[in-house]
Structure formats: C-alpha cells, structure tokens
Amino acid sequence: MGKTIAEKIFDAHRVDNPSGTIQVISLDRVFCHEITTPIAINDLVSRGKDRVHNPENIKAVIDHVTPAKDSKTAEQGKILRDWAKRNNIRDFFDIGKNGVCHAIFPEKGFVRPGFTVIMGDSHTCTHGAFCAFAAGVGTTDLEVGILKGVCAFEYPKTMKVNLTGDLVPGVYPKDVILTVIKTVGVNGATNMVMEFTGPVVDGMSMEGRMTLSNMAVEAGATSGICKADMTTVDYLWPFIKSDFASKEEALAAYAQWNADSDAVYEKEITIDCASLRPVSTFGYKPDQVKNISDFENTKIDQVYIGSCTNGRIEDLRQAAAVLKGKSLHPDVRGIVSPATPEIFSQALKEGLIEIFMDAGFCVTNPTCGACLGMSNGVLAAGEVCASTTNRNFNGRMGKGGMVHLMSPASAAASGIAGVITAAQ
Amino acid sequence: MKNFNGNALFLDRSDINTDEIIPAKYLTEITKEALAPFLLEDLKLKGFDPSKNLEGISVIITRENFGCGSSREHAPWALEVNGINLVIAENFARIFKQNMFNCGMMAVELPSDTIDDLFAGFAGTGAVVSTDFEQGTFTFSHGELKKTVPFIVSDFNRDLVLAGGWVEYADKKY
Ligand code: SF4
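Chains A and B, in that order, give the protein sequences.
FYI, numbering that gives the first Met the number 0 numbers position 233 of the first sequence as 232, with every residue one higher than the one before it.
FYI, numbering that gives the first Met the number 0 numbers position 64 of the second sequence as 63, with every residue one higher than the one before it.
What the hints contain is simulated information worked out from the structure, not anything from laboratory work.
For every residue, glycine included, the Cβ atom is placed at its ideal position computed from N, Cα and C.
Take the hints with a grain of salt, since some may be wrong.
[Said to hold, decoys possible] Simulated coverage check for chain B against chain A, where a stretch passes if three residues somewhere in it have a Cβ under 8 angstroms from a Cβ of chain A: (1) 19–28; (2) 68–79; (3) 98–111; (4) 148–157; (5) 163–172.
Use the sequences and the hints to build the structure in full.
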C-alpha cells in the first residue's frame with residue numbers, strides 16, 4: 000500500500016510508539032520566537048536543565064513585537080537572546096536582521112523536503128510548503144523539543160486537497176486557501192494533514208504555496224503539505240548546490256518524499272479554481288468567506304499588508320501593482336510590513352516601497368505587529384481593517400475591531416476605494 | 000496527579016478560540032500566575048460574565064472545536080491558575096488538546112448526544128463533577144439529580160496525566 004507525504008516522513012523519523020497510534024518522532028528543526036519560548040526557557044532553567052539537544056537544529060527569532068514596545072516585551076526578547084547565546088544557537092535573528100518567523104526561516108533555506116519541524120506557533124504549518132511535516136505546538140512540546148529533539152503526534156491521517164483549473168486574473172493563492180477553508184470548515188481537517196495537490200499548486204511559486212500551507216491550521220489541520228518539485232529545488236538551490244551535482248539530482252532525492260500514486264487518503268476534496276473570484280472573510284471565523292462582489296459598501300478604516308501569510312515579495316508586488324500612481328482613500332490608514340529585511344530591501348530596489356509611500360502607506364520594519372494586535376497598527380473598537388493576515392477572530396487586531404481577510408491585491412484596492420473592493 | 004473534581008461551568012458555543020480564552024495582549028506575561036485575572040476575558044456569550052461566573056469553577060463543559068486558533072499554551076495555563084484542570088467538549092483543536100495533556104490536565108471528548116444531555120440536565124444549575132480516573136467516569140450531580148457518563152482517554156494521554164505532564168514523561172524516557 001502506498002503512502003502519503005506525511006506517512007513517509009513519520010516512518011523515517013519514528014523514535015518510539017508509546018501506545019496506539021501515538022508516535023514519537025525525531026525533529027530536524029525546532030523554531031523559536033520570543034512569545035512562546037521564554038516560558039519554556041525559564042522552566043528548563045528552574046529544572047536545572049538549561050541545555051539544548053542540538054543547537055544546529057534550533058533557529059530563533061524575535062519577531063512578534065520588535066522593536067520591543069515596553070519593559071515586558073523587552074524582557075521576553077532578552078530571555079531569548081541570552082539563552083541563544085549561552086546555548087550556542089548561531090542562527091538567532093535579532094533586531095536589524097529579524098523578520099516574521101514563517102517568512103525568514105524558509106528564506107534562509109532552513110526547511111528541506113522530508114524534514115520534521117515544530118515551533119510554538121500555530122502557523123508553523125507554513126513550512127509544509129517545502130514537502131516537510133511542520134506543526135505548531137505549545138510551549139511544553141517546544142520545551143521537550145529543545146531538550147530532547149523529539150515530539151509526540153498521532154500518526155497522521157491525510158486529506159487530499161485537489162486544486163484544479165486555471166486561476167483567473169485577480170484571484171490569488173489567498174483566495175484559493177480561503178475557499179478551501181470555507182469548503183472544509185474551521186474544524187474540518189482537525190487531526191489531519193492537508194496535502195495540497197493539482198495543477199494550481201504545480202503552477203504556484205513557493206511564496207504562493209506558503210500562503211496555502213500557512214492557513215491549513217485555520218481548517219484545523221496539523222500541517223499543510225505540498226509535494227517537492229522543480230519549483231522547490233529552484234528556491235532551495237542557493238542552499239543545496241554543494242550537496243548535489245545538478246538540480247535534477249536534487250529533485251530525484253527530494254521526490255522520494257512525494258506521495259505514492261496508490262497512497263490512501265482519509266478524505267479527498269476537489270475545488271475547481273477556475274470558478275473562483277476574489278473573496279474576503281466577513282465574520283469572526285476564517286470559514287466565513289464570500290465573494291467580494293457580494294460585499295455592499297463595507298467601509299474600512301485601515302489596510303494592513305504583511306504577516307506570515309502575505310508579507311512576501313510577491314505579495315508586495317501584487318499590492319503595489321494595484322496602488323501604482325494611486326492614493327489611499329482619505330478615510331483609510333495604510334500599513335505595510337515587509338516580512339523580512341531581505342524582502343524589504345528587494346522591495347526598495349524594485350521601487351515598491353516608493354509606490355506604497357506615494358499612496359500614503361506607513362512602511363514598518365519586519366514584524367508580526369498588528370497581525371495579532373500586539374503593536375504597530377492595533378485597531379480601535381468599532382474599526383474595520385482589510386487585512387492580508389490569517390485570523391479574523393473577534394479582537395484579534397484590537398478589542399472591538401473587525402478584520403476582513405483577503406489577498407494583497409484586494410486589500411490594496413479596498414484601501415483606494417475606502418470600501419471592500421476587488422482589484423480590477 | 001491534578002484534581003479533576005468540582006463545580007462545572009457550561010459554555011454553550013462552538014469554536015471558542017484561544018484568543019477568547021486568553022487575548023494576545025497578555026502574552027507578554029512570563030509567569031502563568033499573571034494570567035489568572037484575564038481568563039475568557041474576550042468571550043462574548045449571552046449570560047456569561049468572566050468577572051463573576053468563573054468564581055469557584057473547576058470544570059468547563061462546552062461544544063465543538065474548543066481551543067482553536069493560536070497554539071498558545073497560555074490558554075491551558077490561564078485555566079490551570081484558575082483551578083480548572085478539566086475541559087469536556089464534543090471535540091477540541093489538536094494543539095489545545097495536546098497542550099492540556101502535556102500540562103497533566105485533561106481535555107476529554109464526549110459524544111454530542113451526551114453533551115446535549117448534560118447541557119439539558121445540568122447547565123446553569125451549579126452542578127458538581129466528580130471524576131473517577133481509574134474507572135473512566137464523570138459523575139454530574141445537582142441535588143438529587145445524578146448522572147454518570149463514561150469517558151476514554153488514550154493510553155498515552157493517561158500516562159501524561161499520571162506523570163504530571165510531557166516534560167516529566169519525556170525526561171524519563173528519551
Ligand atoms: S504574522 Fe501573525 S500569524 Fe504570522 S506568526 Fe506573526 S502573529 Fe502569527
């Protein structure tokens with residue numbers, strides 16, 4: 000019987016099978032940020048176990064609130080910084096070099112096909128775009144991952160998400176994943192891994208695939224995985240070229256992780272993406288999704304372009320293409336947060352930052368910032384934001400605020416119009 | 000082993016997310032105890048007032064997909080420092096459920112018709128739950144009214160509860 004991607008990865012990483020379907024797997028990567036890691040660090044210190052299993056496998060970043068906004072966030076950064084130093088964690092990204100975790104770690108080539116990755120962050124599923132098993136965990140799992148290099152999971156069941164058809168202009172990976180979540184429901188993929196497949200995925204850049212995988216957790220999924228192909232190899236090539244004689248050789252090595260043709264899926268869905276139009280969320284749950292053309296005069300106060308979902312260079316290009324030569328509506332504030340310093344400087348080189356500034360946007364340093372309502376653009380009660388982030392929960396970007404999730408192009412178009420609108 | 004007995008609070012809604020259990024703005028706290036006053040602060044639910052209704056509560060009973068959203072273990076911790084070590088629901092988001100057992104707490108699933116019966120019989124009455132961990136039963140009681148329901152936790156999660164959490168378990172074994 001054939002295997003899915005997640006099954007292959009689990010079978011290659013099994014350390015223990017303590018009971019039933021629970022497997023303890025070895026970890027290739029443990030990612031850390033300053034919100035969920037400090038309590039794990041403090042606990043390890045208080046247990047007299049201030050050590051790490053393998054400093055090479057641990058990567059850390061200060062990203063959620065940076066620069067620190069107050070004494071408490073400064074303390075969180077300090078705990079992470081001091082810990083990284085004393086445990087020889089060389090890949091630690093501090094201010095000036097830091098960016099949103101799920102954007103900067105892939106950009107540095109830290110994730111490879113077949114890897115197992117955990118992080119104390121629910122959107123860790125993003126890294127599944129590289130044909131890896133990547134899952135968000137809590138602080139205790141993170142703590143054990145740091146100390147022992149292992150984590151326990153249910154042996155994965157996989158939902159195959161087949162994405163067919165050609166996207167029409169104005170429809171982006173964000174519209175696709177929002178439609179998937181609408182179809183599956185916020186609880187529909189709980190305890191399953193989503194495997195995104197089909198011509199739409201094949202035609203997507205790694206950036207687009209990361210947008211898909213990023214939001215798998217919004218349907219309850221443990222991870223969102225895409226197969227390894229030449230697009231994966233091309234993206235990783237600067238980091239792997241000394242390991243392989245050619246790209247074809249790299250692809251042959253990575254393709255072993257792809258699902259077998261006779262793999263058995265727990266569930267399968269197919270979405271004909273040719274029929275999709277630009278969409279947005281409308282309520283407080285990410286499966287409340289409808290076509291933007293069905294919104295009637297929904298006024299917005301803020302546009303937010305950034306985050307681990309849509310703060311990458313392609314996203315900024317798509318938004319800038321809409322904004323070029325135009326200005327934000329006088330009642331709308333615009334904030335753009337390039338997700339990493341590299342994306343920021345690339346956007347500068349391409350003249351995108353100038354387009355945003357000319358349109359009236361505030362350009363912030365790379366950070367999670369307003370995405371989770373901690374800094375850099377928190378909403379006031381009653382305010383409405385057109386946002387490229389991934390959660391529209393009540394209060395997510397500020398108590399009493401309303402968040403509409405959409406693509407960067409739609410967010411830009413809404414900023415110009417002052418009401419929720421799709422790009423022309 | 001933690002205590003899984005006491006007064007029950009019924010929350011009649013699905014998809015209660017971790018932002019509602021403990022809002023992001025409190026994630027800057029670096030001790031669990033500091034989270035205590037903010038549990039369920041952002042939960043909008045008719046008839047529920049977090050400043051009054053959490054007093055003396057040890058068990059929460061709710062509907063589907065409890066704990067969805069952010070992976071923050073601050074959600075179980077906020078429950079724990081309020082003396083709530085047991086949540087009973089139709090089902091849970093994966094990360095939240097594992098976080099509970101990783102802390103030696105319990106997130107237990109019961110069939111939807113059982114949950115319906117418990118809501119019908121005990122919601123709003125000040126019911127008390129007593130847990131027989133060995134037998135795998137919860138007994139709900141209010142005055143004369145008593146109802147015992149069986150529950151199942153996986154052997155692994157059971158071991159985590161007995162060990163006092165995943166750090167203790169893993170430290171011995173790996
Ligand atoms: S950008 Fe938002 S969703 Fe992504 S890691 Fe940061 S806070 Fe979480």
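- request: Hints the structure violates: just list their numbers, smallest first.
  value: Every hint satisfied by this model.
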